[in-house]
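A.B. asks: Quick note, the sequences are listed as chains A and B, same order. Position 103 of the first sequence, counting from 1, maps to 103 under the numbering used here, and the rest follow consecutively. Position 22 of the second sequence, counting from 1, maps to 1022 under the numbering used here, and the rest follow consecutively.
Misleading hints may appear alongside valid ones.
[Stated by the list, open to error] Derived lysine to any residue pairs resembling SDA-like cross-links, with alpha carbons at most 25 Å apart:
{"#": "1", "chain 1": "B", "residue 1": "Lys1070", "chain 2": "B", "residue 2": "Gly1040"}
{"#": "2", "chain 1": "A", "residue 1": "Lys76", "chain 2": "A", "residue 2": "Arg92"}
{"#": "3", "chain 1": "B", "residue 1": "Lys1071", "chain 2": "A", "residue 2": "Ser61"}
{"#": "4", "chain 1": "B", "residue 1": "Lys1003", "chain 2": "A", "residue 2": "Gly40"}
{"#": "5", "chain 1": "A", "residue 1": "Lys81", "chain 2": "A", "residue 2": "Thr13"}
{"#": "6", "chain 1": "B", "residue 1": "Lys1070", "chain 2": "A", "residue 2": "Leu46"}
{"#": "7", "chain 1": "A", "residue 1": "Lys57", "chain 2": "A", "residue 2": "Ser67"}
{"#": "8", "chain 1": "B", "residue 1": "Lys1003", "chain 2": "A", "residue 2": "Glu41"}
{"#": "9", "chain 1": "B", "residue 1": "Lys1055", "chain 2": "A", "residue 2": "Asn93"}
{"#": "10", "chain 1": "A", "residue 1": "Lys81", "chain 2": "B", "residue 2": "Ala1109"}
{"#": "11", "chain 1": "A", "residue 1": "Lys81", "chain 2": "A", "residue 2": "Gly28"}
{"#": "12", "chain 1": "A", "residue 1": "Lys57", "chain 2": "B", "residue 2": "Ser1095"}
{"#": "13", "chain 1": "B", "residue 1": "Lys1055", "chain 2": "B", "residue 2": "Leu1116"}
{"#": "14", "chain 1": "A", "residue 1": "Lys81", "chain 2": "B", "residue 2": "Asp1026"}
{"#": "15", "chain 1": "A", "residue 1": "Lys57", "chain 2": "B", "residue 2": "Ser1075"}
{"#": "16", "chain 1": "B", "residue 1": "Lys1057", "chain 2": "A", "residue 2": "Lys57"}
{"#": "17", "chain 1": "B", "residue 1": "Lys1055", "chain 2": "A", "residue 2": "Arg92"}
{"#": "18", "chain 1": "B", "residue 1": "Lys1053", "chain 2": "B", "residue 2": "Thr1083"}
{"#": "19", "chain 1": "A", "residue 1": "Lys57", "chain 2": "A", "residue 2": "His38"}
{"#": "20", "chain 1": "B", "residue 1": "Lys1057", "chain 2": "B", "residue 2": "Leu1078"}
{"#": "21", "chain 1": "B", "residue 1": "Lys1018", "chain 2": "B", "residue 2": "Ser1095"}
[What the hints assert, rightly or not] Derived, one-sided and incomplete: chain A residues facing chain B with beta-carbon distance under 7 Å:
{"#": "22", "residue": "Ala39"}
{"#": "23", "residue": "Ala42"}
{"#": "24", "residue": "Phe63"}
{"#": "25", "residue": "Arg66"}
{"#": "26", "residue": "Gly69"}
{"#": "27", "residue": "Thr103"}
{"#": "28", "residue": "Gly104"}
It should be emphasised that the hints constitute simulated quantities derived from the structure, not laboratory data. Each residue gets a CB set at the ideal place from its N, CA and C atoms; glycine is no exception.
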Amino acid sequence: GQNIDQPTEMTATEGAIVQINCTYQTSGFNGLFWYQQHAGEAPTFLSYNVLDGLEEKGRFSSFLSRSKGYSYLLLKELQMKDSASYLCAVRRNTGFQKLVFGTGTRLLVSP
Amino acid sequence: DVKVTQSSRYLVKRTGEKVFLECVQDMDHENMFWYRQDPGLGLRLIYFSYDVKMKEKGDIPEGYSVSREKKERFSLILESASTNQTSMYLCASSSPGTGTGANVLTFGAGSRLTVL
């Protein structure tokens, strides 16, 4: 089985930097995904890590440490529109490669 | 713009009714999925399909069935709806493989089902 943990909720201020952590315990790890989901909308793909290190995409970066079972999503220069839930998902290399999601972190950005 | 379209955004059904949730994708993806999303529980996989007429149980298949007669269409069926199936249902599709683009899920807008 697998266990994926994320904080339930975080708050931050516009213009600031926030780091959303995700820890996982799984066998056959084969990649970690981050999705963004605005209230009432579908999740949308943000980033993917399969090797250790940092992947940067504009204001968003994602980091992975496979030995520690740990990832984080870093959001810089926060904007009000970044208020959303952020979902961490792990892909397992066991048969069909489906994703297993964490419960998500709700981020509230205030002025 | 690529799309996953779910036929109904909101449904209200009564206990015991048969419910069909339809999902169509226009990306020629092999893989299709049905998830349900509940507060505090996140996204949980109900069923998935990796090819036409193929289906596999996910983590919570009880009370559900699926149908995939055509590559672009994946239907979720609640044979006899119960109140504990009140939820947001999300359909998704992806292409297979092991590279970065593989398994990137494209989701539909969701179907919010209320069972009374």
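A.B. asks: Against each hint, give a clear statement of whether it holds in the structure.
C.D. replies: Consistency of the hints with the structure:
A distance of roughly 34 Å separates the Cα atoms of Lys1070(B) and Gly1040(B); the hinted pair therefore is violated under the 25 Å criterion. Between Lys76(A) and Arg92(A), the direct Cα distance comes to roughly 29 Å. Violation of the 25 Å bound is thereby established for this hinted pair. A C-alpha spacing of about 35 Å is found between Lys1071(B) and Ser61(A), which places the hinted pair above 25 Å, so the restraint is violated. Taken as a hint, the Lys1003(B) and Gly40(A) pair is honoured in the structure, with Cα atoms around 17 Å apart against an allowance of 25 Å.
Taking the CA atoms of Lys81(A) and Thr13(A), the gap is about 12 Å. The hint holds against a cut of 25 Å. Proximity of Lys1070(B) to Leu46(A) is assessed by CA-CA distance (about 29 Å); at most 25 Å being required, the pair is judged violated. Note on Lys57(A) and Ser67(A): the hinted pairing holds, with a Cα-Cα distance of about 23 Å set against a maximum of 25 Å. At most 25 Å may separate the alpha-carbon atoms for a hinted pair to count; Lys1003(B) and Glu41(A) meet this at roughly 14 Å.
For the given pair, Lys1055(B) sits about 19 Å from Asn93(A) by alpha-carbon distance, which is consistent with the 25 Å threshold. Between Lys81(A) and Ala1109(B) the CA atoms are separated by roughly 18 Å; this keeps the pair inside 25 Å, and the hint holds. For the hint pairing Lys81(A) with Gly28(A), the CA-to-CA distance comes to about 35 Å; that exceeds 25 Å, so the pair is violated. The suggested pairing of Lys57(A) with Ser1095(B) holds, with an alpha-carbon distance near 22 Å, which does not exceed 25 Å.
Between the alpha carbons of Lys1055(B) and Leu1116(B) the distance comes to roughly 29 Å, so the proposed pair goes past 25 Å and is violated. With a C-alpha separation of about 28 Å, the suggested pair Lys81(A) and Asp1026(B) falls outside the 25 Å cut-off, and the hint is violated. Proximity of Lys57(A) to Ser1075(B) is assessed by CA-CA distance (about 35 Å); at most 25 Å being required, the pair is judged violated. Proximity of Lys1057(B) to Lys57(A) is assessed by CA-CA distance (about 35 Å); at most 25 Å being required, the pair is judged violated.
The straight-line distance between the Cα atoms of Lys1055(B) and Arg92(A) is roughly 18 Å, inside the 25 Å bound, and the hint therefore holds. Restraint check for Lys1053(B) and Thr1083(B): not satisfied, since their Cα atoms lie roughly 29 Å apart, outside the 25 Å limit. Taking the CA atoms of Lys57(A) and His38(A), the gap is about 19 Å. The hint holds against a cut of 25 Å. Simply put, Lys1057(B) and Leu1078(B) have alpha-carbon atoms about 14 Å apart, close enough for the 25 Å limit, and the pair holds.
This hinted pair does not check out: Lys1018(B) and Ser1095(B) have alpha carbons roughly 30 Å apart, beyond 25 Å. Proximity of Ala39(A) to chain B is violated relative to the hint, the smallest CB-CB distance being about 11 Å (cut-off 7 Å). Hint on Ala42(A) holds. Least Cβ distance to chain B is approximately 4 Å, under the 7 Å limit. Given the 7 Å rule on beta carbons, the hint for Phe63(A) is violated: about 16 Å separates it from the nearest Cβ of chain B.
Against a cut-off of 7 Å between C-beta atoms, the interface hint on Arg66(A) is violated, since the closest Cβ of chain B lies about 16 Å away. Interface hint status for Gly69(A): violated, as the beta-carbon distance to the closest one in chain B is roughly 18 Å, over 7 Å. The restraint placing Thr103(A) at the interface with chain B holds, with a minimum CB-CB distance near 4 Å, inside the 7 Å limit. Annotation: Gly104(A) was flagged as interfacial toward chain B, and the flag holds, the nearest CB pair being 6 Å apart, inside 7 Å.
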